[in-house]
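Each residue of the sequence shown is one higher than the one before, starting from 1 at the first, in the working numbering.
Derived from the structure by calculation, the hints contain no laboratory data.
Glycine included, C-beta positions come from ideal geometry on N, C-alpha and C.
With a Cα cut of at most 30 Å, we get these calculated DSS-like pairs of lysine-lysine:
hint, residue 1, residue 2
1, Lys94, Lys163
2, Lys178, Lys163
3, Lys94, Lys180
4, Lys131, Lys193
5, Lys94, Lys178
6, Lys163, Lys66
7, Lys139, Lys94
Here are the simulated distance ranges between beta carbons:
hint, residue 1, residue 2, range
8, Ala26, Glu187, 49 to 59 Å
9, Asp204, Val133, 30 to 40 Å
10, Lys94, Lys131, 16 to 26 Å
11, Leu127, Ala26, 47 to 57 Å
12, Asp109, Phe183, 23 to 33 Å
13, Glu187, Arg24, 43 to 53 Å
14, Leu80, Asp204, 30 to 40 Å
15, Leu189, Ile25, 45 to 55 Å
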Amino acid sequence: MGKDSDQLASLFRDVVEQLSAGNRIAAEAYWNVFGQEVFKSSNYKFRPGIHPHEFSCLRACYYSAKSIERRPPSPDPRMLVGRALHNEINFIMKSALGDSYIHDVPVDDTEFGREYGIAGEADGLFLHEGKPVLGLEIKTGTVPTSPFQAHIYQLGLYQLCLKPPFFALWYISRDGDKSKVFFFQQEHLSAVKSGLFDLLAMIDSGELPPAEGSWFTCRYCPYSYLCLKEGMDAKDR
Numbered sequence: 001m002g003k004d005s006d007q008l009a010s011l012f013r014d015v016v017e018q019l020s021a022g023n024r025i026a027a028e029a030y031w032n033v034f035g036q037e038v039f040k041s042s043n044y045k046f047r048p049g050i051h052p053h054e055f056s057c058l059r060a061c062y063y064s065a066k067s068i069e070r071r072p073p074s075p076d077p078r079m080l081v082g083r084a085l086h087n088e089i090n091f092i093m094k095s096a097l098g099d100s101y102i103h104d105v106p107v108d109d110t111e112f113g114r115e116y117g118i119a120g121e122a123d124g125l126f127l128h129e130g131k132p133v134l135g136l137e138i139k140t141g142t143v144p145t146s147p148f149q150a151h152i153y154q155l156g157l158y159q160l161c162l163k164p165p166f167f168a169l170w171y172i173s174r175d176g177d178k179s180k181v182f183f184f185q186q187e188h189l190s191a192v193k194s195g196l197f198d199l200l201a202m203i204d205s206g207e208l209p210p211a212e213g214s215w216f217t218c219r220y221c222p223y224s225y226l227c228l229k230e231g232m233d234a235k236d237r
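Kindly generate the complete structure, drawing on both the sequences and the hints.
Below is the structure:
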């Protein structure tokens with residue numbers, strides 16, 4: 001790993017040097033290489049299935065469930081900042097609560113996850129006497145006045161898989177100046193299940209769901225290379 005670490009350090013120095021010299025385009029080019037190397041060095045392994053965090057775009061869910069090849073673009077630096085903030089929060093929680101807090105909780109092997117092909121990980125799960133009492137999902141960036149619809153669906157799927165009585169959605173600005181928490185409302189569960197069953201019907205039939213279509217989401221989507229092609233036919237995949 002020493003050689004890999006040296007390579008990453010060298011790439012990061014290149015980024016800083018180009019930024020210091022005012023060469024933004026060159027800095028972005030170096031960052032792209034650096035970001036890809038960081039991703040390759042991680043232990044992350046993609047698991048096919050319906051990923052709750054992709055529920056803002058049903059087409060991305062469709063591709064993931066169909067095990068379509070992912071081609072992750074260079075990560076946005078804001079996403080890496082968000083990931084670092086996630087890690088810091090999880091470290092503090094774990095240090096304070098010990099075995100009463102679990103982070104990066106897989107949902108694949110839960111009863112609901114296996115039955116409906118749900119994959120991925122919830123950010124955190126609080127335990128009391130070994131039983132889940134509160135789930136946690138952390139969102140960094142914009143702090144809204146009310147939760148985004150896609151995040152409500154994400155929490156609903158996690159709740160169905162992990163079955164804590166409560167689930168919290170915690171929005172935090174990247175500079176830490178603003179934060180707001182929302183608790184999942186149980187009356188949303190029927191809409192979450194309905195959305196999931198509609199998606200499963202599309203997957204089974206080969207019907208391509210609509211794309212979410214926002215510039216930010218599509219720019220960093222691992223399926224943008226495919227989604228933007230003209231004449232795409234889901235039944236051929």
